[in-house]
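**Q** Protein chains in written order, with numbering that gives the first Met the number 0: chain A, 0 to 475; chain B, 0 to 299.
You may find that some hints are simply not true.
If you want a taste of the chain B side facing chain A, the calculated C-beta under 8 Å gives, among others [unchecked claim]:
(1) Ile123
(2) Asn125
(3) Gly244
(4) Tyr247
(5) Arg261
(6) Leu264
Simulated restraints on C-beta separations [what the hints assert, rightly or not]:
(7) A:Glu222 with B:Gln137: 33 to 43 Å
(8) A:Glu337 with B:Lys28: 50 to 60 Å
(9) B:Trp67 with A:Leu456: 42 to 52 Å
(10) A:Lys158 with B:Trp63: 54 to 64 Å
(11) B:Trp134 with A:Pro336: 27 to 37 Å
(12) B:Ile107 with A:Lys233: 38 to 48 Å
No lab work stands behind these hints: they were computed from the structure.
All C-beta atoms, glycine included, are put in the ideal place defined by N, C-alpha and C.
The residues making up each chain are set out below.
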Amino acid sequence: MRILNCKTQGLKSQITNHKFQTNSNDRNSNDRNKKSVCNLVLGAWGLFVIWCLVLGILLVACSPKVKAPREKQLTIWHWMTDRQDAFEELARRYEEKKGVKVKFELYAPSDAYRQKVMAAAQSNTLPDIYGILGGKRFFASFVKSGYVADLTAAMKANKAEWESRFFPKALKINEFSKDNEFGVKPGIYAVPLDVMNIQMVYNKSLFKKAGLDPESPPERWEEFIAAAKKIKGKTGIGGLVSGWGEIWMIDCLANNYAFNIMGEEKVMATIKGEVPYTDPAWVRVLDLFKEMSEQGVLVEGIVTMVNKSAEQMFANERAAFAFNGSWCVNVYQGMNPELDYGVMLPPRVSSQNPMVIWGGAGSSFMVNARSQQKEKAIEFLNWLTQKEQQVFLSSQTNNLPANKKSLSDISVVLRQFADDMDNTTHPNIWSVSEYPLVTETFDKGIQSIIINEKTPLEVAKEVQRVKEREMKKSRE
Amino acid sequence: MAKRTFKNYLFILPALLLFAVFSIYPFIKIFQLSVYRWDGIMPTMKFVGIFNFKDIIFHNPIWWRSMWQAAYITLIALTLQNALALVLALICDRGIKFGNGYRVIFFIPPVLSGIVVGLIWNWIYNGNYGLLNHWLAQLSKWTHISYFSNLERAWLADPRTALTSVAIINMWKGFGWGFLVLLAGLQSIPRQLYEAAKVDGANAWQSFWRITVPLMIPTFGIVSIMTILGAMQIYDIIVSTTGGGPAYHTEVPITRILAAMRGNLQFGYACAMGLVFGAILLSVSLIIIKLSRKLNPLAG
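So that you can see chain A by itself, here it is in the shape it has in the complex:
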């Protein structure tokens, strides 16, 4: 019994020892677990803190310093890839002259730039000077939100010396007139850097090959159709090319003809909703595109062509005519320096009204109204638009200078474009603006006409339907 008890006690003590050991092992392992959990949590949080720090540093490094500007540095945002080198050179000259550092920051393509500016406006991080890409309504929203400085006083100072430098049409695009529909305080809100207009260019060599006089391009619609057909017949090369995959370019030509066929007053009355798009004059405008398509005047694939491809086609002499803006001078120079071409107004359909083309300020700069260096920014823009700087910019980029006095030093083709600056108009200077959705329906409708999917009347009816819906929506 005793033996048994002893044995039992021994067993007990063994068990107790084992338990003790096990407990002690458990405790040790628990301690280790606790430690490793603590380490893991600490590690995770450490990683999080490091991540936040990196993100913070990146954000701070990437954001423009509007609120805490570096002493004497102006920051400018733009989208003009072809002008960056020239801008940098001008910035260097300005720093040399005035001791103010100017930094041009390029953001391209233009779509990405537009997004950046919108995001910066929403987060109040716009730079000292920037450009806005968009229509008048878009521009007005920026002004009304307090992101754009009123430059009227600076423009009018010293007997309006600054204001008088520019083409009036160029300045008008940057101006809000009295009683403008957007409710913006009247004034000048941006500085035009260069001007542009959109016309037709024609290939002189192809004219010669087809037996046409290269110095007298067609002035009337019928002459234009006949010339395009003749060139196609003799050379096998297509007539008109343009980037009509970008619908604003279709809108531009359609507006040219709307002004020519019905006059400005009726166009404005249509936008106001007083004249329907089903009016015979509008149907006639749409009919012109049907005629071009049916007569084989348009190059194949024009409805989905981007303007860069259209420019390439014209520069490579694969089309006799191109509908393009004055910026094309620089583009064609780069693509084919030997190209022999001339500039012509789109051929008239009616003699009752003048042929009006789109034009005005090409690119403009705005001053951030909330910038602490507002005055310095205005001073820089004043300097940038002086004759010497404008001539330099024009010579480097082949763009039409906004400063009238710089015109004496530009190329022949550019001067041809410049000669028609008085015939220009632009939706941004009209007293009323069309609903974007109506414009889209109108332009897409023209594409449908060109691909022979819809008749001009069908498109006119569709546009009118959308117009009525949009008007009803805005009244609600």
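Since the structure of chain A is provided, determine the placement of chain B on it from the hints.
**A** Relative to the frame of chain A, chain B by itself:
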């Protein structure tokens, strides 16, 4: 217990914070914006309730057209693209020579940028000097069959061919993904099953139909969801080829959302479009998940 729960929460908190800032907050913001009329710039917005949703669902035929067009592209991707991917995966699974080389080649299109792919195909489809028209002309010359030369056209600008042409580009760009996933799925099927089937006298077709297909159903489900989500959200190829044209023939939901946001300055409306689109995609994905679970012989 409470201590342990607290510890667990402490673990997920960093990830949760990041997720909240970069995913939950924007998601809630989109919901908020979708009930406003806002141009994206003005500090003031106008509350319009469910008007944007009502307008999209009942009065925006272009939106629904863009949806059907994306569905057409998706259908081609689901059928032709995945069939091609499956055939190529089956061939590579047989241990053919240069199998790894083919894998690399097939995976090149998916890793290319959509814009680059679009530009390459723009050149192929070009109506004036495109490669496709050139070959059709050559074919017509060699065979003396005028049918081939009659096919010549500006493929992306012709309303009869524009959408299908875009769908083919998307198919070319996307089949490599399906190929890789399907190949991985095929390689996970135990070889013994095929050997046993062979012993039992099953031919190649029976092995494919009775072993490969049932065991590949979960993989088919994943590939289908990936294809649907990818093809419905097609954007870069459209932008670099047709821009949505001619007229509205190649518009897809993403191009419409961007048109509303950027062209028409309707930020709120664009957000509502995004939500409607998201809801449709989510529903389709859930249906496919359910379907593949139901068809999967190994599930439950």
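**Q** Each hint needs a verdict: does it hold in this structure or not?
**A** Outcome of the hint check:
no. : hint                               : result
1   : Ile123                             : violated, 13 Å
2   : Asn125                             : holds, 7 Å
3   : Gly244                             : holds, 5 Å
4   : Tyr247                             : holds, 6 Å
5   : Arg261                             : holds, 7 Å
6   : Leu264                             : holds, 6 Å
7   : A:Glu222 with B:Gln137: 33 to 43 Å : holds, 39 Å
8   : A:Glu337 with B:Lys28: 50 to 60 Å  : holds, 55 Å
9   : B:Trp67 with A:Leu456: 42 to 52 Å  : violated, 26 Å
10  : A:Lys158 with B:Trp63: 54 to 64 Å  : holds, 60 Å
11  : B:Trp134 with A:Pro336: 27 to 37 Å : holds, 33 Å
12  : B:Ile107 with A:Lys233: 38 to 48 Å : holds, 45 Å
Checked against the numbered hints given earlier, the structure breaks hints 1 and 9 and satisfies all the rest.
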